[in-house]
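Quick note, the sequences are listed as chains A and B, same order. For the first sequence, numbering that gives the first Met the number 0 gives the first residue as 0, with consecutive numbering after it. For the second sequence, numbering that gives the first Met the number 0 gives the first residue as 0, with consecutive numbering after it.
No wet-lab data here; the hints were simulated from the structure. Take the hints with a grain of salt, since some may be wrong.
To be verified - In silico contact screen, one side only, chain A against chain B (beta carbon under 8 Å); selected entries: (1) G6; (2) E9; (3) W128; (4) I150; (5) I155; (6) H157; (7) G159; (8) R165; (9) A166; (10) R169.
If you're wondering where the values come from, they're calculated on a predicted model, not measured in any experiment. Where is the CB? At the ideal position from N, CA and C, for every residue including glycine.
2 protein chains.
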Amino acid sequence: MDLYLIGDVEGFTPQIGRLVSMLNYVRHTTLEAAEGLSPSQLDYMPDVQSNTIGALLSHIAAAEVGYQAATFYERDLTAQEKDEWGAVFALGDRSRQEIRDHDLSYYLARLEQVRAVTLLELGRRDDAWLETETTFRNGQRINNYFKWFHILGHEINHRGQIRWLRARAR
Amino acid sequence: MDLYLIGDVEGFTPQIGRLVSMLNYVRHTTLEAAEGLSPSQLDYMPDVQSNTIGALLSHIAAAEVGYQAATFYERDLTAQEKDEWGAVFALGDRSRQEIRDHDLSYYLARLEQVRAVTLLELGRRDDAWLETETTFRNGQRINNYFKWFHILGHEINHRGQIRWLRARAR
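Chain A with its partners taken away, still in its complex shape:
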């Protein structure tokens, strides 16, 4: 894979291909940041307000599920999605309590499963869809390209925290 090229990707329209290049690269770096971590490292908390690496990895996948619902299906989360991902849509006490004692493979499988849906759905859409705008109640405009750019920025933001935790986790 040409990890360091932002450009056309087979199976996607031009702009979506560029977005997919970015999504692929960011995911590569997230996986690198998590590589080889043990369950106790994944559960490491330097202080009581911290999120664990495990919770951050789950949260990255959960956010992507939320944006799939919003942009691909234009609906709220289903009861089943809320049940499956409820502990990690927002990070906090609940994610600190519920997300622990898993192997890295558990988190990686969730990330991969969610991403497969994203790529499938992006492959079915075109650049006009990517530029489709909606507006917030205050009139602020937002397009699908921004929403998916936001998702990859969200992942990088938490990857920065994962690296910080990884450098300290025992």
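Fit chain B to the given chain A structure using the hints.
Positioned in the frame of chain A, the structure of chain B alone reads:
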């Protein structure tokens, strides 16, 4: 400014405009993460291996200077650039020692000054330039779009750390 639209931006070719939309949005969030911080908060270190928010802000600007040299001017850093930015190209003991006791305005001015050059130079270039590829010694291909995407990812990564520090800095 349409902060939540990734798309055409006046004064830039189509692909560069999309990149500029992303750069603008990311910078907005960085400034938000630093807003109102005092010199002591900017110098806060939770442990000895930490970087301060001030050092991270300087490092974000320094990385951009490095990529300007590499992509716009295709040269190494000048002696003057090395002198000005040397403490923060890499984060570590030197940045921990040298970057402190500044007001937020000091960091914001540096970020703004560097970004103005980036936007000026991007405005002079076109989409063909953005897709121009070079290769690493190992043959791996990389294009200018990727390099600038990397810079914004780098900024988001450190912004994630700034937020973490901000939530704890006194």
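Results of checking the hints against the structure:
1. G6: holds (6 Å)
2. E9: violated (16 Å)
3. W128: The hint is violated - A:W128 has no Cβ within 8 Å of chain B, the shortest such distance being about 13 Å.
4. I150: violated (12 Å)
5. I155: holds (4 Å)
6. H157: Holds. Min distance 6 Å.
7. G159: Result: holds, 3 Å to nearest chain B Cβ.
8. R165: Result: violated, 12 Å to nearest chain B Cβ.
9. A166: holds (7 Å)
10. R169: With a minimum Cβ separation of about 14 Å from chain B (threshold 8 Å), the hint on A:R169 is violated.
When held up to the earlier numbered hints, the structure conflicts with 2, 3, 4, 8, 10 and fits the remainder.
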